[in-house]
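**Q** The residues making up each chain are set out below.
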Amino acid sequence: MEVISHYQEQFAAVSQHDSPSIKAYRQRAWEKFAALSFPTLKMEDWKYTSTAALQKLPFSVNSSLASKTSKESVLSRLLIAQATHKIVLIDGQLSQENSSLDKLPKGVMVKDWAAMTQNEREQLQQQLAPLHHTDGLSALNGALVNQGMTLEVKEGCEVNEPVLLVHLVTEPMNAHFAVQQIKVGQGAKLTVVEQFISLTEEPYLNSTVQSYLIEDKASLNYIKVQQEGKEGFHLSYTDIKQQKESYFHGSYFALSGQWARNTISTVLTGAGAHATLNGMYHITQKSLQDFHTLIHHQVADCSSSELFKGVLDGAGRAVFNGRILVDQDAQHTQSEQANHNLILSDQAGVDTKPQLEIFADDVKCAHGTTIGQINEEQWFYLCSRGINKDLAKKMLIEGFVVEVAHQINDAELRLLIENLLRENMNV
Amino acid sequence: MLEIKNLQATVAEKSILKGINLTVNPGEVHAIMGPNGSGKSTLSNVLAGREHIDVTAGEVLYNGKNLLDMDVEERAREGLFLAFQYPVEIPGVGNIYLLKAALNAKRQHQGLPELDAMDFLNLVKEKVKLMEMNEAMLYRSVNEGFSGGEKKRNEILQMAVLEPTLAILDETDSGLDIDALKIVAKGVNSLRSPQRAMILVTHYQRLLDYIKPDFVHVLAGGKIVRSGGPELALELEKEGYAWIDPSAKQSTVNL
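Quick mapping for you: the protein sequence lines, in order, are chains A and B.
Each residue of the first sequence is one higher than the one before, starting from 1 at the first, in this note's numbering.
Each residue of the second sequence is one higher than the one before, starting from 1001 at the first, in this note's numbering.
Rather than coming from a laboratory, the hints here were simulated on the basis of the structure.
None of these values were measured; they are calculated from a predicted model.
A virtual CB, placed ideally from N, CA and C, is assigned to each residue, including glycine.
Be careful, since some hints might not be right.
[Stated by the list, open to error] Straight line, CA to CA, 25 angstroms or less: simulated BS3-like cross-link-like pairs of lysine-lysine:
id	chain 1	residue 1	chain 2	residue 2
1	A	Lys189	A	Lys106
2	B	Lys1186	B	Lys1129
3	B	Lys1100	A	Lys394
4	B	Lys1100	A	Lys389
5	B	Lys1065	A	Lys389
6	B	Lys1212	B	Lys1182
7	B	Lys1100	B	Lys1223
8	A	Lys394	B	Lys1151
9	A	Lys389	B	Lys1238
10	A	Lys393	B	Lys1100
11	B	Lys1238	B	Lys1223
12	B	Lys1223	B	Lys1186
13	A	Lys42	A	Lys32
14	B	Lys1151	A	Lys393
[Said to hold, decoys possible] Every beta carbon over 10 angstroms from chain A, so not counted as near; a handful from chain B, in silico:
id	residue
15	Gly1019
16	Asn1025
17	Ser1041
18	Gly1049
19	Thr1056
20	Gly1058
21	Asp1069
22	Val1072
23	Arg1077
24	Glu1132
25	Glu1135
26	Lys1212
27	Arg1226
Isolated chain A (complex conformation) (with noise of 0.2 angstroms):
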């Protein structure tokens, strides 16, 4: 195929001045790449999302772009303009005039990719290959990555204030092969809301593969705001390891990109951890959005719950696949699960599939799915008030989606996100 060539003479590029491990690290990642190429709708887990797209597009590789991105530009695009902690990535490097980490508390350590010695990107590398090793196309991001940061909060640090974490594209037609690890102390607190932008309206591609650690007692809050350009792909993988008594609440808002997948899974291995993998997606033209996630319930005495919306419009398409999976051992598990889906359009369409897989006995679980059309009663409702029926539908749609945004634990934030979604449902 053409372009595994493209991408092998891209390979060759970014692997020539490492260290002869992390080439080597490079070289299985690839060669797992090489056996496994893209995924196929013949794939169980990629029955229903199509990379044909991906592979008509030869994005490049490029490490050494000097950004020239104004920092009003930068400043207008931003979640939280004014927030206390930022950490800004133009084209996969850290801005430092964008971004503000001095008054990070002492417990907390950035690094980015660049910032990193040969040996702590071995490291980060070794930590990931789990990750990197899933599929034919986290390979890829394993033999390709050029960029990326680690987090660390350490023990019982507590972070008050949000760390805004922005991705921000400028190029068209390239690729950023991320990694990224979040580690959260125990007893250690920490808010990240992570958002994806970008200045072109052609395509290009995000692949990110990210570790998260909570340990005992830590508590992780995480946004994810997808705001990719129009044409943009957009492809994730985070696996989230969960400890004694951890807490874990991530919102993903899927609110725009020609093409996006995330595979998100988080594995309670202790006693007492609570997860929440909360998400919202809204697909319009011909754009799709897949949502992959799991949870895993190794171990007894945890909770876990799941609420993802889907508003379908266009000719758009969406995938919800979440998998519970609750061991043998993992009694007096509760878990609930829940996807809603509400089609605008004709044309547009969701395959959702709940995937329950639970061994052990004495547990509470719980999922519901439902995809429906705008409700004729309430829309009669609010027109009877006087309210035009474009208003009435809009009220409604944000009415639908905004059930995410109130879960968010940070006042602020939830009120930032409600108004985000607001505007999002806009257009």
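Based on the hints, put chain B in the right spot on chain A.
**A** Structure of chain B alone, referenced to chain A:
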């Protein structure tokens, strides 16, 4: 203000309204009473603009305009208000958001500027007090999880904010205990004015103890079979509908 002339309508090809004639002038309060299935709700719904009802004959003039030609939202902006028999729950849409959107739609229609946030809030809070509601309800989703009484009060709250010219209250007393009924009636009475007309659609006389109508009409079999003053309601209370409803002739008449 409102002239209904020989109004006939069908629902799912079944004839429900069979020639209604009714004139309502500004300042008047009319009660329309009747047994179940007499067409009361169909009449209020056809006035509010429900689409599943087919008007087969007759006309309705509202301030001289053909009401039946107007969209639902246009009717509302022209000052028509329907208090629903079953108010709809709308998860995720805040009560206050609905009030604001509705009031601004009406003001825009009247060529008035939007109310600024403070004025709007003050107005709404004043009406909330009138309805003896908790301000927290403003920030809850429309009717979601409200009790029956709270829902009906919320309807009248909307009415109080929107200040309609013609209000139609569809079975507003149903499902209310006596305390809630008194609060609802107080709200409605406070809105009585020489410029405003009201139509109370109800099965029972009970509501009329608290909201005194000027006229009472008895609807049966899709027609107004009798009209009179408030005393007609008392008569109905005493004698039931059997004497008036041709379809209920076999039932016992208690005299």
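**Q** A separate judgement is required for each hint: does it hold in the structure or not?
**A** Each hint, compared with the structure:
no., hint, verdict
1, Lys189/A <-> Lys106/A, "holds, 13 angstroms"
2, Lys1186/B <-> Lys1129/B, "holds, 12 angstroms"
3, Lys1100/B <-> Lys394/A, "holds, 15 angstroms"
4, Lys1100/B <-> Lys389/A, "holds, 16 angstroms"
5, Lys1065/B <-> Lys389/A, "holds, 22 angstroms"
6, Lys1212/B <-> Lys1182/B, "holds, 13 angstroms"
7, Lys1100/B <-> Lys1223/B, "violated, 38 angstroms"
8, Lys394/A <-> Lys1151/B, "holds, 23 angstroms"
9, Lys389/A <-> Lys1238/B, "violated, 45 angstroms"
10, Lys393/A <-> Lys1100/B, "holds, 16 angstroms"
11, Lys1238/B <-> Lys1223/B, "holds, 22 angstroms"
12, Lys1223/B <-> Lys1186/B, "violated, 31 angstroms"
13, Lys42/A <-> Lys32/A, "holds, 18 angstroms"
14, Lys1151/B <-> Lys393/A, "holds, 22 angstroms"
15, Gly1019, "holds, 26 angstroms"
16, Asn1025, "holds, 23 angstroms"
17, Ser1041, "holds, 14 angstroms"
18, Gly1049, "violated, 7 angstroms"
19, Thr1056, "holds, 21 angstroms"
20, Gly1058, "holds, 22 angstroms"
21, Asp1069, "holds, 16 angstroms"
22, Val1072, "violated, 4 angstroms"
23, Arg1077, "violated, 5 angstroms"
24, Glu1132, "holds, 22 angstroms"
25, Glu1135, "holds, 19 angstroms"
26, Lys1212, "holds, 27 angstroms"
27, Arg1226, "holds, 30 angstroms"
Hint violations for this structure: numbers 7, 9, 12, 18, 22 and 23, all remaining hints satisfied.
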